[in-house]
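**Q** Taking the hints into account, I'd like the entire structure generated from these sequences.
These protein sequence lines are chains Z and E, in that order. If you read the first sequence in the numbering used here, its first letter stands for residue 1, the second for the next number, and so on. If you read the second sequence in the numbering used here, its first letter stands for residue 391, the second for the next number, and so on.
With a straight-line cut-off of 20 Å between C-alpha atoms, the simulated EDC-like cross-links for lysine to aspartate or glutamate are:
no., chain 1, residue 1, chain 2, residue 2
1, Z, Lys19, Z, Glu385
2, Z, Lys47, E, Asp712
3, Z, Lys325, E, Glu477
Here are a few chain Z residues that sit away from chain E, every Cβ distance over 12 Å (derived from the structure):
no., residue
4, Lys62
5, Asp99
6, Leu125
7, Leu206
8, Thr279
9, Tyr352
These aren't lab readings, by the way, just hints derived from the structure by calculation. We put the beta carbon where it would ideally sit given N, CA and C, even for glycine.
The residues making up each chain are set out below.
Protein chains: 2
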Amino acid sequence: MTVTSPKGFSAAGLGSGIKITGAPDLALVVTENRLPATCAGVFTPNKACAAPVRLSKSNLEKTKGYATGVLINSGNANAATGQLGLEHATQSIAQVAGDLGIPTEQLLVCSTGLIGITLPVEAILNTSSKLVAELGSSEDDGHRAANAIMTTDTFAKEVEIARDGVTIGAMAKGAAMLEPALATMLAVITTDLQADSTQLQGALRLAVNESFNQLSVDGAMSTNDTVLVFANGQSNKALNDEALTDLLTETCCNLANQMAKDAEGATKVATISVKGAKTRFDALSGARKVANSLLVKCSLFGADPYWGRIISELGSTMSDFDIDKISISYGDYCVCSGGIAVAVDDEGLRNYMQGSQIDISVEIGMGYENANLTFTDISCAYIEENMRTS
Amino acid sequence: MTVTSPKGFSAAGLGSGIKITGAPDLALVVTENRLPATCAGVFTPNKACAAPVRLSKSNLEKTKGYATGVLINSGNANAATGQLGLEHATQSIAQVAGDLGIPTEQLLVCSTGLIGITLPVEAILNTSSKLVAELGSSEDDGHRAANAIMTTDTFAKEVEIARDGVTIGAMAKGAAMLEPALATMLAVITTDLQADSTQLQGALRLAVNESFNQLSVDGAMSTNDTVLVFANGQSNKALNDEALTDLLTETCCNLANQMAKDAEGATKVATISVKGAKTRFDALSGARKVANSLLVKCSLFGADPYWGRIISELGSTMSDFDIDKISISYGDYCVCSGGIAVAVDDEGLRNYMQGSQIDISVEIGMGYENANLTFTDISCAYIEENMRTS
Chain Z
1 MTVTSPKGFS
11 AAGLGSGIKI
21 TGAPDLALVV
31 TENRLPATCA
41 GVFTPNKACA
51 APVRLSKSNL
61 EKTKGYATGV
71 LINSGNANAA
81 TGQLGLEHAT
91 QSIAQVAGDL
101 GIPTEQLLVC
111 STGLIGITLP
121 VEAILNTSSK
131 LVAELGSSED
141 DGHRAANAIM
151 TTDTFAKEVE
161 IARDGVTIGA
171 MAKGAAMLEP
181 ALATMLAVIT
191 TDLQADSTQL
201 QGALRLAVNE
211 SFNQLSVDGA
221 MSTNDTVLVF
231 ANGQSNKALN
241 DEALTDLLTE
251 TCCNLANQMA
261 KDAEGATKVA
271 TISVKGAKTR
281 FDALSGARKV
291 ANSLLVKCSL
301 FGADPYWGRI
311 ISELGSTMSD
321 FDIDKISISY
331 GDYCVCSGGI
341 AVAVDDEGLR
351 NYMQGSQIDI
361 SVEIGMGYEN
371 ANLTFTDISC
381 AYIEENMRTS
Chain E
391 MTVTSPKGFS
401 AAGLGSGIKI
411 TGAPDLALVV
421 TENRLPATCA
431 GVFTPNKACA
441 APVRLSKSNL
451 EKTKGYATGV
461 LINSGNANAA
471 TGQLGLEHAT
481 QSIAQVAGDL
491 GIPTEQLLVC
501 STGLIGITLP
511 VEAILNTSSK
521 LVAELGSSED
531 DGHRAANAIM
541 TTDTFAKEVE
551 IARDGVTIGA
561 MAKGAAMLEP
571 ALATMLAVIT
581 TDLQADSTQL
591 QGALRLAVNE
601 SFNQLSVDGA
611 MSTNDTVLVF
621 ANGQSNKALN
631 DEALTDLLTE
641 TCCNLANQMA
651 KDAEGATKVA
661 TISVKGAKTR
671 FDALSGARKV
681 ANSLLVKCSL
691 FGADPYWGRI
701 ISELGSTMSD
711 FDIDKISISY
721 GDYCVCSGGI
731 AVAVDDEGLR
741 NYMQGSQIDI
751 SVEIGMGYEN
761 ANLTFTDISC
771 AYIEENMRTS
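**A** This is the structure in C-alpha cells:
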C-alpha cells in the first residue's frame, strides 16, 4: 500500500547526507518505463514559496501536464535561498533526469526541512546515480521512498485503494493544510488509471479542498506544500469526473487523517462543524478561527468542555452572528443553546472529553451554509518540538 | 499612582463571594462628589460581547458621554448568559447606584472571568452598601480597586502621570489587545482635566489604537474588553486634542507594557516592526500574522533566531510581497537580506536572543507603510494555565 502499488511505478529512497544524521533524505518516484504520465499538482499559495515549488510549477506548465516522476529531499526546504536555490533545484533534477535518460522538464522536485539554509546540492548530485540504480517496483521500494521524505513525522503515511480495476497509491509527510498549513506537507499519488491532464487537475483541486485544506494544526502556511498525482494509464481504464474526484478525495482524506494523528505534540484529533451560517465564507472563517484558537486547543488538551472560548472566537470572526441563536455540542452533549449554558449529563460529558477524538458542532441559525475542519489540541510537546531548530 | 491619584475620585475594592476563594472580586470607582464626569469608552467589537459591555454602551449613549463611575467584578464574565445576564448587570448597577444616590444610567459596569456561567448576582447585591461605605480617595483605596479586578494577573497594573497641572491615573487587568484580544482586558482611567465627551472619545480611540491594539498575546478577542476614561474637570485645565491624545496614549502604552510583562506563560516580550509595505493594511496583516504565529512564538521561547518562520508567515499573508526584497533583523543583527541568509556575528546574535526583550524588524521594500506590534513568546506555562478552567 504505497506509491509502487499501482502498475508501472518504481521508487527509491536513501540517505544522501543532507541530514547530518545519515537518515534517509532523498526519494525518487518515476514511471517504470520512463515515459511521462499525466500529472497534476496543487502547490502552496505562499508568496515566499520555495525554489522547488517554482520549478515544478514551471515544468508542469512547459509540459502541459505531463511528468515522468518527482525527486524529493527532506532535511532542507530550499526556501528563502534566492537565485542560488533555484539553480540548485535545477541542477538536482538535471542530474537525476540525465541518469534516468529523460528530459529535465519531465522531472518535478519537492523539498522539505528548514527554511533559509543553502541546499547542500553536492549530496544530491553525488547520490543521483545510486538513487536511480536502486529504483524498484516492490512494496519495500515504495516504503523506502516514503521514509525518506519524513521530517518530524513519527511514521510514514501511505495508502492504497484498488477499485473497479484501477489502483491508486500514495505517500505523504507532514501534518498540514495547504492554506494555511503547518511546516511542510508533501503528498505524491500514483495511479494506473487513464486521465487527461485537465480532468486530473480539476479532480485533484477538489480533492485537496475536501481533505488537506480542511485540516489545520497551527494555522501556519508552508513555503513548500505540494500535492502531485501521476496517472500512467496502464490499467486502460478511465473514470468519469465524479468518480475520479471521489477516488482522489478518499485517498487525500486518508492521508490527511494520518497527518492529524501524527501532528506535532497533539494528544487529540478534533473536528469543528459550523452549520447554518449565512455565507460559506462566514462558516469557514468561524470554523478556522476555532480550529486555530490557542485557547480552544488548550481546553481540548485539558479535556475541559469550556465552550465560552468557542462562542467568543465565533463572535470575534463571523459577520452574521447573533449570540441568542447559537447552540454548541461536544459529540452528543449539547452544552449551549440559545447562547446560554444548558444542563448536561456532567459525567457523560467528562468521559467524552477524555477521548482521543472530539467532535464539536455549532449551529449558527443564520442560514444554510456549513464548513468542517479537522484540527488538534496542543501540548507542551508542541512547544518543545518547535522551540529550537538546531 | 492609581485611579485615586487625580483630584476628586474615590474607589473601593473587596471580596463579595463571586470568587469562591474569597479573594477581592468587586471594585467601584466614582467621582468624589457623585456628579457625572465626562466619560468615553472603547469596547470589544466581539459580536458575542458580554451583558455588561452592552449595558455600559447603552448607558453612555443615553447620557451622551457622562458617567459618575463604574462597577467592576472579576471571577465571572457575565458573557453568554442571555437575557438573565442583562437583568443581572442591570440589577447590580441599580443597587449600587441606589446606594450612591445617583441615577442608574450614570453608572457603568464591567465584568471579567469565565464565559457562560450565570453571574451570582446576590453576591453583588448583598455587598453593595459595604462597597459604597468603603469608598475612599487614598492611594490604598485605589490599590484595593486595582486588586479586585485581577483574574490570572500576577500583579495589579496602575499608573499615574502628572503634567502641566493635570493628573491622570489608571488601573487595568489582563494581557490583551482589543482587537484581537486575549482573555479580558479592562482599563479604567481617571483624570482631573476638563474635556467634552467628543474630544475625550476621539482621543481615547486614538490612544487605544496606539497601545492596547498594538499588543497581541494569543490573537483571541475577548467578549468583555473595555477601556473607560472619566474626566471630572477639577483641575480647571483643558488640553488641545493633540496633547490630550498624547497623554492618554502614554497612559495606555504604560498599561499595555505592564500587561505584556504579565502575559500568561510568557518569558519574553517581543516587537515586530514591518516597514515599507505597499499599504497600511498589508503592513498590519503581516505584523499580526507574525505576532500570532505559534511557530514564531516557539522560536522566541527557544531563543532560536529562525527567521524562516517569519518570512513564511509574511509570504502567506501579505498581498504585495517579493521575497527577493525582504530583509529581517533581530535587534541590530541582520539575518536575511534580499530574501536569503546573510553572514552574522553568531555569538552576538545568540546572546541577543537570550534577552527578555526581542525586537524584530522587517523591511518589505514595496512602499512606505509601516506597522508595529508588541507580542510575547509562548511556554508550557501558557498551556498549563489555560488547559483547565476548574
